[in-house]
Amino acid sequence: MRILEYIALMAVPAVVLFAGVVMLFGGKNYFESFIKGAKEGFATAVGLLPTLVALLAAISMLRASGAIEFISSVLKEPLSALGIPSEIIPLLLTRPFSGSASSALFSDLIGNIGPDSFASLCAAVIMGSSDTVVYIISIYFSSVNIKKTRYAFPLAFVVMLFCIFFSCFICRIWFK
Amino acid sequence: MLGKIFGIICIVSVFFGIACGNTGQLGSAVIDGASSAVTLTLALLGMMCLWSGILNVLKEAGAIKKLTVLMTPILKFFFPDAYKSGVGSEEIAANVAANLLGVGNAATPLALSAMKKLQLQNPTPEIASRDMITLAVLNTSSVSLIPSTVITLLRSSGSENPFDIIIPIWITSFTCAAMALILCRALGSATRVRTIRSKDYKSLKTQARQ
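Protein sequences appear in the order of chains A and B. So for the first sequence, my numbering puts the first residue at 1; every next one is plus one. So for the second sequence, my numbering puts the first residue at 1; every next one is plus one.
A portion of the hints provided could be inaccurate.
[Unchecked claim] Now the stretches of chain A that chain B is said to cover, found in silico as 3 or more residues with beta-carbon under 8 Å: (1) 22 to 33; (2) 75 to 88; (3) 162 to 172.
Honestly, the hints are just simulated from the structure, not real lab data. The structure presented is a predicted model; accordingly, all values stated were derived computationally and were not measured. Beta carbons are placed, not taken as given, at the ideal position from N, Cα and C, and that holds for glycine.
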């Protein structure tokens, strides 16, 4: 377990170090590649702002209205039987459809209940190990004009439900 | 998609605001939410710049190509048709490699061009082939080695050890991706022949009528 924790701590520095070594010994001017990529990242982050403004305004309104509390309290019993904290329900509902909406809900959640609470950790694992199922499958298949996607949607949803359940299960074991 | 989500959230909010007697707070909530989007973007901006830059260095140094070679033996089993014909297999491997490294903006175009090539091989152009489904489902269970956005968001909201989340994410995402691949392989073998046959049968029937 110690080794795993060390690997987790060193993952980011190791990648940065690797990029540094490439820049030093790589032959061509890799700092230029860095700047090019960084500019793209900057454009992506800034380009997301208008979307996030709309979504976070809506989410903030949703929380103030008492709707989240209501839905959470209704679903609390059945979900806690499965080991899923009820705070993450709004996140679960938007995760299959939109990456930016779920990121917005995730940051709203951890800002509210703190990044170290159990629900936040579960949400973080779900965010890191699932993706926008509906969005991806519809984009991929519509790009080649496929109308019958056979078992793609049911299977992707089964995997996602398993992922949600498994994320909470792993968090329960890992962060004791 | 986002318009629908926005609309649903707004209607639900106003409905519950009236039902729960919280209408007074809605206005300030809208303003606070809009401001918090700027805070969120600022929190993400530095790391997104840095990480995109570093990933671009790795990409241009050939990291995706090296990973592609390493993964070929595994992918051969899960994308049998693409590797048999050799059409689209390179794009599939590069897509998986780009996802692993976290180069999201490189992964999507690669997946789409893989879909295009798989479609060329598809005997039933309106019905998805098994390799197409495997590729799509695999992309929905995102396997990335460093979940940089999640870590950044945790850190920016005050987490002491945002890296603690990496191992649980690895365990979960690899389990889910493995499950997706195995189920796709099993379902692909189980349903493939029947679908193509019934399709052929239908087209033969319509041809006979004409």
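Right, here's what the structure says about each hint:
1. With 5 residues bearing a CB less than 8 Å from a CB of chain B, the segment 22 to 33 of chain A meets the requirement of three and the coverage assertion stands.
2. Counting residues of the segment 75 to 88 of chain A whose beta-carbon sits less than 8 Å from any beta-carbon of chain B gives 0, not enough to reach three: the coverage restraint is violated.
3. Proximity of the segment 162 to 172 of chain A to chain B, defined as three or more residues with a beta carbon under 8 Å from a beta carbon of that chain, is established by the 6 residues found.
Checked against the numbered hints above, the structure violates only hint 2.
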